[in-house]
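The sequence shown begins at 220 in the numbering used here and counts up by one.
Check before you lean on any hint, since a few could be wrong.
Unchecked claim - Pair by pair, the computed Cβ-Cβ distance ranges are:
1. Lys236 to Ala266: 46 to 52 Å
2. Lys236 to Phe269: 43 to 49 Å
3. Asp233 to Pro261: 43 to 49 Å
4. Asp228 to Gln256: 33 to 39 Å
5. Lys235 to Lys262: 47 to 53 Å
6. Lys250 to Asn270: 42 to 48 Å
7. Lys226 to Gln253: 23 to 29 Å
8. Lys235 to Gly265: 47 to 53 Å
9. Lys235 to Ser255: 27 to 33 Å
10. Arg232 to Pro254: 44 to 50 Å
11. Asp258 to Val230: 35 to 41 Å
12. Lys236 to Lys262: 43 to 49 Å
13. Asp228 to Ser255: 27 to 33 Å
14. Pro254 to Val230: 27 to 33 Å
Honestly, the hints are just simulated from the structure, not real lab data.
Cβ coordinates follow ideal geometry from the N, Cα and C atoms, glycine included.
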Amino acid sequence: MATVSFKEDVVVRDQKKAEEIARALKQPRDKTLQPSQPDPLPKNAGAIWFNRCEK
Numbered sequence: 220m221a222t223v224s225f226k227e228d229v230v231v232r233d234q235k236k237a238e239e240i241a242r243a244l245k246q247p248r249d250k251t252l253q254p255s256q257p258d259p260l261p262k263n264a265g266a267i268w269f270n271r272c273e274k
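Let the hints inform the model, and build the full structure from the sequences given.
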């Protein structure tokens, strides 16, 4: 069972979207999903960001 709470009421006027949200909230959570990780920064990231010339 999903545990979602809102500080304020949420009103969805689109019937199809409301049904889609209700179905999604009834689905068990997949604990294998993880947020994506950003690509590692290049070694010269400081030079790129701050226009430093490495000589």
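Hint by hint, here is what the structure shows:
1. Between Lys236 and Ala266 the beta carbon distance is about 47 Å. The supplied range of 46 to 52 Å therefore holds.
2. One distance hint, 43 to 49 Å for the beta-carbon pair Lys236 and Phe269, holds here, with the actual separation near 45 Å.
3. At roughly 44 Å, the beta carbons of Asp233 and Pro261 sit within the given window of 43 to 49 Å.
4. For the hinted restraint 33 to 39 Å between Asp228 and Gln256, the CB-CB distance of approximately 35 Å keeps it satisfied.
5. In this structure the supplied range 47 to 53 Å holds for Lys235 paired with Lys262, their Cβ-Cβ distance being about 49 Å.
6. Hint check: Lys250 to Asn270, Cβ distance near 44 Å, so the stated range 42 to 48 Å holds.
7. For Lys226 paired with Gln253, a C-beta distance near 27 Å keeps the hint of 23 to 29 Å intact.
8. At roughly 49 Å, the beta-carbon separation of Lys235 and Gly265 lies within the given 47 to 53 Å, and the hint holds.
9. Between Lys235 and Ser255 the beta carbons are some 28 Å apart, a value that agrees with the proposed interval 27 to 33 Å.
10. For Arg232 and Pro254, the Cβ-Cβ distance of about 30 Å falls outside the hinted range of 44 to 50 Å, so the restraint is violated.
11. Between Asp258 and Val230 the beta carbons are some 39 Å apart, a value that agrees with the proposed interval 35 to 41 Å.
12. At roughly 46 Å, the beta carbons of Lys236 and Lys262 sit within the given window of 43 to 49 Å.
13. Evaluation of the 27 to 33 Å hint for Asp228 and Ser255 yields a pass: the beta carbon distance comes to about 31 Å.
14. About 29 Å separates the C-beta atoms of Pro254 and Val230, a value consistent with the hinted range of 27 to 33 Å.
The structure does not agree with numbered hint 10 stated previously, though it agrees with all others.
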